[in-house]
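S.K.: Listed here are the chains, written in short residue letters.
Protein chains: 2
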Amino acid sequence: MGVELLGWVVAAGRGNTFVARIPGREIKVKILNQGVAKSISNAVARGSEVLIKFRVESLNGGVAKAHDVRVLHSGMSPPTYGSVDPSKPGEFALKSFIALRLPKYQKIIKVQHAILRSLRRFLDGEGFTELLPPVISTVSDPGLRGARRLRTRLYGSTYELVASVTMFKQVAATALGKVYFISRNVREEPPENAATWRHLVEFTQLSVECAGASMEDMMELGERLLCKVCVDVLSEVGDIVREFNPGLRCPTPPFRRITYSEAVRLVRKLGERVPKDGELTQKGEEALSKHFDEPFWVVNYPSRSRSFYFLQDPKNPNFNRDFNLILPLGYGEVMDGGEREYRYERVLAKLKELGEPLERYSWFLEALRIGISPSAGFGVGIERLTRYLLGLKYVWEATPFPKPPGVVGAP
Amino acid sequence: MGVELLGWVVAAGRGNTFVARIPGREIKVKILNQGVAKSISNAVARGSEVLIKFRVESLNGGVAKAHDVRVLHSGMSPPTYGSVDPSKPGEFALKSFIALRLPKYQKIIKVQHAILRSLRRFLDGEGFTELLPPVISTVSDPGLRGARRLRTRLYGSTYELVASVTMFKQVAATALGKVYFISRNVREEPPENAATWRHLVEFTQLSVECAGASMEDMMELGERLLCKVCVDVLSEVGDIVREFNPGLRCPTPPFRRITYSEAVRLVRKLGERVPKDGELTQKGEEALSKHFDEPFWVVNYPSRSRSFYFLQDPKNPNFNRDFNLILPLGYGEVMDGGEREYRYERVLAKLKELGEPLERYSWFLEALRIGISPSAGFGVGIERLTRYLLGLKYVWEATPFPKPPGVVGAP
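The listed protein sequences derive, respectively, from chains F and Z. By the numbering used here, the letter at position 312 of the first sequence is numbered 962, and the numbering carries on one by one without gaps. By the numbering used here, the letter at position 268 of the second sequence is numbered 918, and the numbering carries on one by one without gaps.
There may be inaccurate statements among the hints.
Heads up, incomplete: computed chain F residues facing chain Z, CB under 7 Å, no partners named [unchecked claim]:
(1) LEU750
(2) GLU780
(3) PRO784
(4) VAL785
(5) SER787
(6) THR802
(7) THR854
(8) LEU975
Only pairs whose alpha carbons sit at most 27 Å apart, straight line, appear in this in silico DSSO-like list of lysine-lysine [to be verified]:
(9) F:LYS745 / Z:LYS1002
(10) Z:LYS878 / F:LYS760
(11) F:LYS1000 / Z:LYS1002
None of these hints come from the bench; they were simulated from the model. Even for Gly, the Cβ is constructed at its ideal location relative to N, Cα and C.
Please take these sequences and the hints and turn them into a complete structure.
M.R.: This is the structure:
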């Protein structure tokens, strides 16, 4: 009887004992068969990695006695564990399958799983319906602030890789009222965005939309969602969170709200340059984020700088009814959203102004022509949220198979 | 006070009453403002759709009194509701945003949400960790039975759209023991596969892997998973399930197991042609599926016909240590899996035999060279599972934005 285990032998001890890494922890094992112990010992001495399958009666106490040991694999090269360096995004991404085997990254994945569980539970409790997200579409989000949309061919026709599910959310919220997608988005980020430590080519968005809601409704929902996920990870994986980020405090709603115009003035006061067009640069945003020690809202972005699907403020059409939630301490934006333009003529005019090929928007324009609900919503960057809650330096540490900007050849 | 609601006016009644569709149901509303009621009445008479925002004190009783009614949108064309026809996959896919507004498809989405919740809850309870899936990679699954892999360009380099996360699962299970992904997969299916009613270009796989597990372990897990999801949907969304599929019975493990060779003999006995190479055709598989009225396993597929990552049976290398779970009544395959090849030299030899470009597999080969755990796992098609539980005719009815084989231009 007993349990069968798989373990990597990571070090030899005295006599026939070895240190073995089994899923989630390391244990000491004593290998009863003298011959097998000898050959494992030799392999470890050569610097090889050895994978064994064995049976133990009990894992309690100091040393587990390993019965029926079989060597499944004896490594061809010394383990490269420990050589992954997240400050080199290219090398790190190419070796993500090694990072995954380090306890640090295993803990991050466990916390990310708890974050996903918490977000879904919260939204399900609020009456939202989860939908499966498309990854390719005739058209995706044209407003990517310098990032390029990826393309593919399907049956000889051009498709785009989905960079945002906003149009899908608007249509789905019209039908179902309250909806969310957990959507993988892909964008070719400018390579220099690797220097921000918070961009990824491939990332995950929790994308929420609610028919008939105002931007204020969604900000209130977003605040509660952020607080709940913070409380949940501290309760479910608190050991890990406190080890990584001992200073984490759950924020208290309502969060501070400043307008984009106020933000620009503040950034100038902080000594950062703001270009003539009045748009905050990445560095400007970072200075703003570092200025605060609690998450805060920036509302009413200039309409010319944002995606066509945002609703312009009827009282001041130069600005949108939209918002970004900025994390403090330099972590930057984690949530963006707002009220949506839902009127056929307005969307048509905006797309023409952008020079977008209308025939690729035909399904969305048709949906608008029939009529869709006014709605508001937001997207939350799951990797950025994970990075913040764990206090990670680089966002590419917060996903199992990262693709940092500018890197090619990553899995 | 009262609640604010959004509703589509779908019909005019007597006097100033109208039928309005609010999220999830239809209600009768009496519009108190005479002028507004008149203009809505005119619009409805012209065949337009009208979206209104209003306030009601109570939804109980026969007719809700609507205060502060605002017309948000007055449709440009008559509603095209009811004109979606799933027997025409192309037309249906292009109009998926209309299908979503029909109660039938809203109910299907609700059941799919319950299925996703149940699957995650079951696996979390079994100690599995959920990971976020990649959608592009240097390389994906080459063994797609006639389907073509899609490609894209990132920073001038060729990537593939992920058609299966199996290699990622093997690496992740080595690190974390028990893992799953909920992964959107894209494959250019041969257009004629639309005729099977069970293929999609873009579909969702629950992809599970367990280090050190045998195929028997995973089949046992798969049986429990299928039974649990069946019990859960009957308890959580039983009204809908019984409306769609009154005959649904939860299957009882263990399921019947037949080998692939036995399946071939049975198909011949059922009067279906089996080609000389001994591989079952789609029609053969369908005949098999129609022959049974409970889910059943087909095990040990011919190794030449399956993906390189399956482990060959050491006792009979012409066959794999693998399995498919076939649904009865013609619904066909819903789960496929098996034990994985984890030895560097064997995988290398198989990839060379397939003529695959090795440099694009470099990360996976490097992971194998360092050494990965033997593992076993399976993938479950979420849309096929939804189709089966609800007794739907076409798999493209079981996803919010379907892409049936051969269709271009779908959202």
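S.K.: Hints first: check each against the structure and report whether it holds.
M.R.: We went through each hint and held it up to the structure:
Evaluation of the F:LEU750 hint against chain Z yields a held restraint, the C-beta minimum of about 4 Å falling below 7 Å. For F:GLU780, the interface hint holds, since its Cβ comes within 7 Å of a Cβ in chain Z; the closest pair sits about 5 Å apart. Using the Cβ-Cβ criterion of 7 Å, the hint placing F:PRO784 at the interface with chain Z is satisfied: the shortest such distance is roughly 5 Å. Because the closest C-beta pair between F:VAL785 and chain Z is about 5 Å apart, less than 7 Å, the hint holds.
For F:SER787, the interface hint holds, the least distance from its beta-carbon to any beta-carbon of chain Z being 6 Å, beneath 7 Å. Evaluation of the F:THR802 hint against chain Z yields a held restraint, the C-beta minimum of about 5 Å falling below 7 Å. Satisfaction of the interface hint for F:THR854 is found here, the shortest Cβ-Cβ separation to chain Z being roughly 5 Å, below the 7 Å cut-off. At about 21 Å, the closest approach between the beta carbon of F:LEU975 and any beta carbon in chain Z exceeds 7 Å, and the interface hint on this residue is violated.
At roughly 23 Å between alpha-carbon atoms, F:LYS745 and Z:LYS1002 fall within 27 Å of each other, so this suggested pair holds. For the suggested pair Z:LYS878 and F:LYS760, the alpha carbons sit about 24 Å apart, so the restraint of at most 27 Å is met. For a cut-off of 27 Å, the pair hint linking F:LYS1000 to Z:LYS1002 is broken: about 52 Å separates their Cα positions.
Going down the numbered hints, you'll see the structure goes against 8, 11, while the others check out.
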